Amino acid sequence: QKEVEQNSGPLSVPEGAIASLNCTYSDRGSQSFFWYRQYSGKSPELIMFIYSNGDKEDGRFTAQLNKASQYVSLLIRDSQPSDSATYLCAPGDMYSGGGADGLTFGKGTHLIIQP
Amino acid sequence: DAGVTQSPTHLIKTRGQQVTLRCSPISGHKSVSWYQQVLGQGPQFIFQYYEKEERGRGNFPDRFSARQFPNYSSELNVNALLLGDSALYLCASSLGAASYEQYFGPGTRLTVT
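Taken in order, these protein sequences are the chains called A and B.
Heads up: the first sequence begins at 1 in our numbering, then just goes up one per residue.
Heads up: the second sequence begins at 1 in our numbering, then just goes up one per residue.
Calculated from the structure, these hints are not laboratory results.
Because the structure is a prediction, the values reported are computed rather than measured.
Misleading hints may appear alongside valid ones.
In silico PhoX-like links for lysine-lysine, alpha-carbon gap of 25 Å or less [said to hold, decoys possible]: (1) A:LYS107 <-> A:LYS42; (2) A:LYS2 <-> A:LYS107; (3) B:LYS30 <-> A:LYS42; (4) B:LYS13 <-> A:LYS42; (5) A:LYS107 <-> A:LYS56; (6) B:LYS52 <-> B:LYS30.
With beta-carbon atoms standing in for the labels, derived distance ranges [said to hold, decoys possible]: (7) B:THR9 <-> A:ASP58: 27 to 33 Å; (8) B:LEU82 <-> A:ILE112: 30 to 36 Å; (9) A:LYS67 <-> B:LYS13: 40 to 46 Å; (10) A:GLN70 <-> B:ARG22: 35 to 41 Å.
Here a beta-carbon is modelled for each residue, glycine too, at the ideal position from N, C-alpha and C.
So that you can see chain B by itself, here it is in the shape it has in the complex:
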C-alpha cells in the first residue's frame, strides 16, 4: 500500500504570497494532521482533521488554515507568507481521531524569500 503522499516536494515563494500544500493519507486512514518543522527543532503541531472537521489546532496564527476533503485528502494554506514560515511541512496520517500511531509523509520544503 502507498504511504502518505505530499505535494509539492519543494516550493519557493516570496514574502506576502500565499501557498497551498497537499496531502493524501494512507488508504483507510481518516485523520490527517499537519506539522511544521524548522531546522534543529522537532515538528510542531498545526492542525488535525478527522472526517472533514477540524479536531485540533496548535499555536499558529490565522494565516494558517486547512481543510479535509471527502476522500480524506487535505490541504494546508498559508497566507501572507513571512520569512519565518520557511520550514518543512509534514502531513501525518492516522486511522482515526482516537488512533494512536501517526505516520508521516515525505514533507514539503517551503522556502520564503
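Extracted from the complex, chain A is given alone in its bound form:
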C-alpha cells in the first residue's frame, strides 16, 4: 500500500521567511509529484508538480525531488500571510498523474505565516 508522510504541523513561519515543507513516500515507482494548497473549507489547488530529480522553481515556490531518498519538498520564499493553508503532497506514477490508482495524498502540513 502506498504511503505518504507529512508533518501535520502546524508549522509557524514569520512573514518574509522561507517556509520548508517536506514529504516522504513509500512507492519507488512514483515518478510524478504534486503539491496542492488547500485553504480551510476549500478544495485543493494544484500549485506545483515535478517529474525529475532536482529543483523546479515557479515564482516564490521551489519543489525539490530526490527519488533515491524518496523525498520531495516545497520551499516558499518571502512567505506571505496568504500562504497560510494546508499543503498536500501527492506522488503519482509514471504514466498517469493519478490514473488507475488515483493520487495518494498525505495528511498535509498546516502552515501558518505569522505577520
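With chain A's structure known, arrange chain B on it following the hints.
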C-alpha cells in the same frame, strides 16, 4: 474557461438514504476522478473514469458507484448512507487517463445524520 464544477454544494441526508453527486470537468478534459476527504485527512481516491469507462477504483465498498456520460460529466452515487460517509466529496478533472495534472472542483459537503 470555466473550471471543474460540482453540484450540489452542500447536502444533508439521513442514514440509509441514497445520494447522487454531480461533476462537470474542465472543457476538453476527458477524465474525471472522485475523492473523499474527511476532516483532518488528505483526499482519498474513490474512482477514475475515462472515456465513460471505469479505469480505477479505490478501497471503497460497493455502496459507492459512479458513471461518466458522453459529455464527460460524471455522477457519484452512494447508497445506504452511513454516518461515516460524511465528508467533502471532490471531483478532479484531467486531460486523459495518462495525464499528469488533476484539477479539483469546489467539492460537495455531505452531512449524514
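Comparing the hints with the structure gives:
no., hint, result
1, A:LYS107 <-> A:LYS42, "holds (15 Å)"
2, A:LYS2 <-> A:LYS107, "holds (13 Å)"
3, B:LYS30 <-> A:LYS42, "holds (24 Å)"
4, B:LYS13 <-> A:LYS42, "holds (21 Å)"
5, A:LYS107 <-> A:LYS56, "holds (23 Å)"
6, B:LYS52 <-> B:LYS30, "holds (9 Å)"
7, B:THR9 <-> A:ASP58: 27 to 33 Å, "holds (30 Å)"
8, B:LEU82 <-> A:ILE112: 30 to 36 Å, "holds (34 Å)"
9, A:LYS67 <-> B:LYS13: 40 to 46 Å, "holds (44 Å)"
10, A:GLN70 <-> B:ARG22: 35 to 41 Å, "holds (37 Å)"
Violation of the numbered hints given earlier is absent; every hint is satisfied by the structure.
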